[in-house]
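Note that the protein sequences, when read in sequence, are chains P and L.
Following this note's numbering, the numbering of the first sequence begins with 1 at its first residue and continues without gaps.
Following this note's numbering, the numbering of the second sequence begins with 1 at its first residue and continues without gaps.
I should point out that these hints are in silico values taken from the structure, not numbers from a laboratory.
It is possible that some hints are incorrect.
It does not matter which identical chain is meant; a pair holds if it fits inside one copy or across any two.
Claimed, not checked - Straight-line C-alpha distance at most 25 Å; calculated DMTMM-like pairs for lysine to aspartate or glutamate:
# : residue 1 : residue 2
1 : 47        : 381
2 : 47        : 343
3 : 490       : 514
4 : 401       : 7
All values derive from a computational prediction rather than experimental measurement.
There are 2 protein chains.
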Amino acid sequence: MQALMMDTPLRIIDLLRHAATNYPQQQIISRRQEGDIHSTTYAATWKRSAQLARALQDLGVRQGDCIASLAWNTYRHVELYYGVSGYGAVLHTVNPRLFSEQIEYIIQHADDSYVFVDLDFVGMLEHIAPQLPHVKGYIVLTDRQHMPETSLPDVHCYEDLIAGYSDTYAWPEFDENQAALLCYTSGTTGNPKGVLYSHRAMVLHAQATVSESLLGLRSHSVLMPMVAMYHAGAWGAPYAAPLAGCKLVLPGSGMQGDAVWELIREHKVDIGLGVPTVWLTLHNYLQNKGITDVPLQRVCVGGAASPMGLVRAYHEYYNVYWQPIWGMTETGPLATSTPPTADIMALPLEQRFELQTTAGRAAFGVEMDIFDAENQPLPHDGESSGELRVRGPWICSQYFKHEDLSSFPDGWLATGDIAVINPQGYMRVVDRKKDVIKSGGEWISSLEIEDLASQHPMVNESCVIGVKHPKWDERPLLLIITNPGYEADKQSLYDFLKGKIAKWWTPDDIIFVDQLPHTGTGKLLKNKLRDQYINYLIEQGKTT
Amino acid sequence: MQALMMDTPLRIIDLLRHAATNYPQQQIISRRQEGDIHSTTYAATWKRSAQLARALQDLGVRQGDCIASLAWNTYRHVELYYGVSGYGAVLHTVNPRLFSEQIEYIIQHADDSYVFVDLDFVGMLEHIAPQLPHVKGYIVLTDRQHMPETSLPDVHCYEDLIAGYSDTYAWPEFDENQAALLCYTSGTTGNPKGVLYSHRAMVLHAQATVSESLLGLRSHSVLMPMVAMYHAGAWGAPYAAPLAGCKLVLPGSGMQGDAVWELIREHKVDIGLGVPTVWLTLHNYLQNKGITDVPLQRVCVGGAASPMGLVRAYHEYYNVYWQPIWGMTETGPLATSTPPTADIMALPLEQRFELQTTAGRAAFGVEMDIFDAENQPLPHDGESSGELRVRGPWICSQYFKHEDLSSFPDGWLATGDIAVINPQGYMRVVDRKKDVIKSGGEWISSLEIEDLASQHPMVNESCVIGVKHPKWDERPLLLIITNPGYEADKQSLYDFLKGKIAKWWTPDDIIFVDQLPHTGTGKLLKNKLRDQYINYLIEQGKTT
Ligand SMILES: Nc1ncnc2c1ncn2[C@@H]1O[C@H](COP(=O)(O)O)[C@@H](O)[C@H]1O
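Chain P with its partners taken away, still in its complex shape (with noise of 0.2 Å):
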């Protein structure tokens, strides 16, 4: 029996629209391109973003294209959210940090009608647009003053375009399920693939991003997202922030500590988001400048797993709850957290922190299990491992434009991690299922070695490989950067692990290192690692 409840639809835009009716005055801050600290509210954003619709439909743009965006955090990224979305286009966000073939081969596969681009990105994009036929014209994120002098053909500036409309413009309804948003992953290997994701999908995964299960955002919190807009829609932040009302501090170009600390500190961001080395970077930048009284009150960290060095440091050094956050981009992206609940914050510290280095439980509307190869469900008893699938509304059900269903078994997604979840439904992701070490039939995993490994007061960042090895197939090998200050000992190390490990997860080496290579999302390129390393014990007769 169908219920007798109003049929309306869950539309990004009326986010927005809640925020410019009940927190007119709440800021949005920007550092811009153009140099200067920037500063808006949920009031102007909404009359801005119609401006913008009233825009894309003189420029002929028709429900379902896709709109690219080559952009770093701001306001005016925001309006692309909410005008793209809210005229019933889709937005789609390039990560400009992909190599430019693959940028070039998504602006095709996506069949991107404009590009919105900011000044960082004019240069890079020149090169690519004579590959880029379909598309109709670029809009530089700017204004009049500061348009640069370029090659791009159709080129607008993007104050000028939106600077004549109305702003007010009566947003169409349409299918909840209607297209919103495109997110390619940065894959390693293969060219990216799109997550195409929904209204309903995002106005559900905001709903519970502001629950206190993910982030626990209330109208007072100020969020400062250090993942970038065009990465898994910085996890959400630009829909969530509005649902919950609260200051929205956006970092635009401004990764590095100065400028970084510059906002945390002006702001009084208390809540950050993003992954691991992000806060390691801010950690060492605080550490060298003696700062320890921060307006941060926790960092919500995700896209790697949660070394329980840094949890410990921000507790220590800064009274930061380090909240760790599971999801991809596949995922909405964010699907498990362990917040910092008052049955949490009851624990004694040590095992805190032990909570606080697993991925956390999952919000309402995930649904989670683990699976062994035989495609049967295993216990949830903290010890059993097994592929981690996931299921809910704001879950990718397919690549787009891609037929392979492989990764969807059985309506789940079958998410690569390879993870146990215990009897209290926390889950930890032991590896990914492609940097798993196999040593003679076993499995090690490279992020529990790291883990421990982090808790060296001399290590500063770690990173675990699997490597070549004629007897037991691979071998793990440990990477180091040490702390400033702090002696390479490769004996202190190995002295330090003894006991806490399996004698047989033990690495065979400890290399120290000036760098480890990253992914544009802030992740350890492993295979990069691998392909540099994997003779490294035969060719250094390690191997007995």
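Could you slot chain L with the ligand onto chain P? The hints should help.
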């Protein structure tokens, strides 16, 4: 273009699954009709709901069947909320305070196949049962030991019924727009009308309810709904509490001062839900006992306007925030509120109290507007008053088995409330359309006069009605219950009102009474008073 997200439905049962997985040991406390205070957990409720679903299956219940409950707020009623709706049937929560002819009417109208009944209501049902041949059986919500002698046909004992079954169940998946819950409005005229809620509506309503805009529930909250689970789903508390993972305290039938205070004190209730009379009763009780130190932090108050006197009293005596809510059975029911956000708590006290007597701002998902008699939208200027209309995914689109759509103009719900909306989005109900006093062609708001009168220290409760006047058509009459220890002093009250309202709004007489009649859901029964006093001014010769 359709997005590529999973098509997983929003289901009520997943709210309880979430609690059972993430907060398994969180408590549900109930005052039982058996006489004791009972404690259970979400984990146990999850299991017993599964047993109930299996029992329904064996009783031959099919998806879409209506199942009635006549029950107080207890854990067994919570099991019905999940077991029945999760199974795919519709829980029809019957208001036992309706006249028995109305109860008979709605059980027939809904075509309920089974009736679950608390001990208290068995006697009443015995009288109606002969008129309910379509009911296949009656289940008394108790255990073997407390099972009464009864003439009810096909009677079962609840605990015996579910006892034998396995405590796991493969909850079915179905369209999220399927009906889950049926509540009839306790209209003061005509037959009650049914509102048929969907799974989607109740899940979205629960998400909004836990957000800061409405109840702001966290996992450490202790929520006590003093509004009945047979009235608009106890404002969704049985759904929102598991979603938030918070403790739920259910007062059973014990709504008197002692019983309520015992639960609040023993279980450290910090958030209460109820109509103003409930909080007036508690206030009188606490005053009487000389208690001011209470664990409550907030009382969330809807169903009638929030009188300034009580807002202030709760602040001054108990340091409790009085949080006004607006809603009706047709709206989920929660739609608007003024929660204690950081912004609001930073206001000067008098300004804050002002906002606490409005109905607040709309939660995300609810659109609201005011319209004049010609169907034209009115400005949100805080001055223009018109009929309030609302729209959204948890708002009724039609009454159950009613063709008449006159309450649903242009896809909106016409609420029957006269309201103003100010530029900041705060809504204030000026009156019920039917309670507004028409004096000489102009409107007088009974609610505003009541609100003012409530602020005089002499006044415990006040009520304004319009009664016949030969010249002005209608004139206001003010009825007062005084506070203990105060003399009934008309002149003092007239002096108090003077200058605070327009002269022509001044009530033509003030009458001191010992009692005021209320509906079963705690609202002033104004039509009864109007009948009684309709010729009062004429009879008393007060019409010159
Ligand atoms: N909390 C976490 N712990 C471990 N790995 C994580 C965590 N969060 C994200 N990841 C990894 O990041 C991947 C998603 O990458 P992306 O789609 O680029 O955001 C996941 O499949 C995981 O391998």
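How the hints compare with the structure:
Taking identical chains as interchangeable, the C-alpha atoms of residue 47 and residue 381 lie at most 25 Å apart only when they sit on different chains, with a minimum of 20 Å there against 52 Å within one chain. Proximity of residue 47 to residue 343 under the C-alpha cut-off of 25 Å is restricted to the inter-copy arrangement: shortest distance 24 Å between copies versus 42 Å within a copy. In this assembly of identical chains, the alpha carbons of residue 490 and residue 514 lie at most 25 Å apart only when taken from the same copy (15 Å versus 87 Å across copies). Only between protomers do residue 401 and residue 7 lie at most 25 Å apart by alpha-carbon distance; the minimum there is 18 Å, versus 30 Å within a single protomer.
Hint compliance for this structure: no hint is broken.
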